[in-house]
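**Q** All chains should be built: construct the whole structure from the sequences, respecting the hints.
Listed in order, the protein sequences are those of chains A and B.
All residue numbers for the first sequence refer to full-length UniProt numbering, where the first residue is 1 and numbers rise by one.
All residue numbers for the second sequence refer to full-length UniProt numbering, where the first residue is 1 and numbers rise by one.
Everything labelled a hint here was simulated from the structure, so no lab data went into it.
Beta carbons: idealized from backbone N, C-alpha and C, even for Gly.
Fair warning: there could be bad hints in the mix.
[What the hints assert, rightly or not] PhoX-like cross-link-like pairs, simulated, lysine-lysine; straight-line CA separation at most 20 Å: (1) A:184 to A:210; (2) B:81 to A:177; (3) A:181 to A:210; (4) A:210 to B:80; (5) B:27 to B:87; (6) A:137 to A:126; (7) B:139 to B:81; (8) B:87 to A:181; (9) A:137 to A:177; (10) B:87 to A:184; (11) A:10 to A:36; (12) A:210 to B:81; (13) B:27 to B:81; (14) B:139 to B:80; (15) A:21 to A:210.
[What the hints assert, rightly or not] Derived coverage of chain B by chain A (criterion: at least 3 residues anywhere in the stretch with Cβ under 8 Å from a Cβ of chain A; other residues may be distant): (16) 111 to 125; (17) 128 to 141.
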Amino acid sequence: MEEDEFIGEKTFQRYCAEFIKHSQQIGDSWEWRPSKDCSDGYMCKIHFQIKNGSVMSHLGASTHGQTCLPMEEAFELPLDDCEVIETAAASEVIKYEYHVLYSCSYQVPVLYFRASFLDGRPLTLKDIWEGVHECYKTRLLQGPWDTITQQEHPILGQPFFVLHPCKTNEFMTPVLKNSQKINKNVNYITSWLSIVGPVVGLNLPLSYAKATSQDERNVN
Amino acid sequence: NTAIPICRNIACDCFWTTKDPGVSPSKMVEGLQSMLQLPPSSATGGEGLTEVSPETTTLEPPSSAAVSPGTEEPAGDTKKKIDILLKAVGDTPIMKTKKWAFLKLVASEQLFIYVNQSFAPSPDQEVGTLYECFGSDGKLVLHYCKSQAWG
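**A** In structure tokens, the structure reads:
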């Protein structure tokens with residue numbers, strides 16, 4: 001059995017920094033938020049979506065790498081002037097928040113997320129499930145409570161849904177071992193997020209896939 | 001108990017490729033994932049080898065190892081379709097056999113497909129877009145891996 005590939009917290013932060021650098025280049029709205037004492041922090045992205053959402057109705061969705069407005073700016077525009085949002089009742093707009101934190105106990109990144117309507121009403125887990133892509137539903141439904149749980153955000157102290165990290169090593173290790181074999185640098189965060197993100201409605205633009213191979217530094 | 005077909009060709013011993021006419025550019029990643037997996041209700045799911053029935057697949061070994069540049073093919077078709085070259089990552093078993101089968105996954109397993117060997121495109125990403133970014137000469141190399149991912 002091959003050795004598992006864990007990452008330390010410093011390495012996690014470095015990968016996040018590289019990830020955010022590319023995010024800024026393509027206008028994908030990820031940002032780093034340090035904790036109060038700045039010893040650690042997390043990556044965060046907010047996007048808005050119309051509930052029965054087609055791609056066109058995503059505010060700032062950049063599945064094809066299009067530049068988009070930063071979330072807050074776009075939302076301040078009157079609906080008529082905003083080119084990316086279709087006219088819709090405010091109650092149908094959902095705000096999704098995705099946070100990437102480091103888990104010291106599992107030594108891997110963890111995806112926290114929550115969603116709410118604009119009036120602050122949170123989405124239930126059942127609502128979240130409706131947003132899970134069909135191709136994952138069957139497998140996830142085998143054991144949903146093992147996979148998506150509700151936990152307190154370690155830094156914010158608020159309830160978030162969490163994609164459980166216990167199997168992260170299992171699906172990351174083959175990818176990382178393979179990249180070592182071919183002597184290619186891989187951004188752990190980019191790979192990991194490309195795998196887990198779509199499960200909860202977060203799709204990374206393809207340009208992230210190319211950004212990593214331009215990094216010449218060695219991976220530990 | 002999984003098996004995935006491989007084909008020996010001159011370039012590499014763990015490639016297998018779609019037979020003409022290839023995969024439509026508008027096919028999405030989730031469609032590719034479905035193509036590679038045995039349907040859950042498949043009656044022929046056995047110890048690992050299954051005869052491929054014509055209506056369930058367009059993935060077959062090429063009839064000859066070498067691709068000859070001078071082959072006459074209908075130009076219109078080859079321009080529209082993309083050959084997918086699939087390569088295993090990690091521990092996903094490879095079985096060398098003349099019979100062709102697809103991956104059989106247990107409930108908690110997921111089949112992952114990667115571009116650039118490390119990035120999983122989202123399920124509704126179109127193959128044509130992947131080809132524009134990562135393919136050339138009508139071919140797109142994808143890596144695949146079967147993993148326990150959830151729960």
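**Q** Mind listing which of the numbered hints don't hold for this structure, in increasing order?
**A** Hints 2, 4, 9, 12 are the ones this structure does not satisfy, whereas the remaining hints hold.
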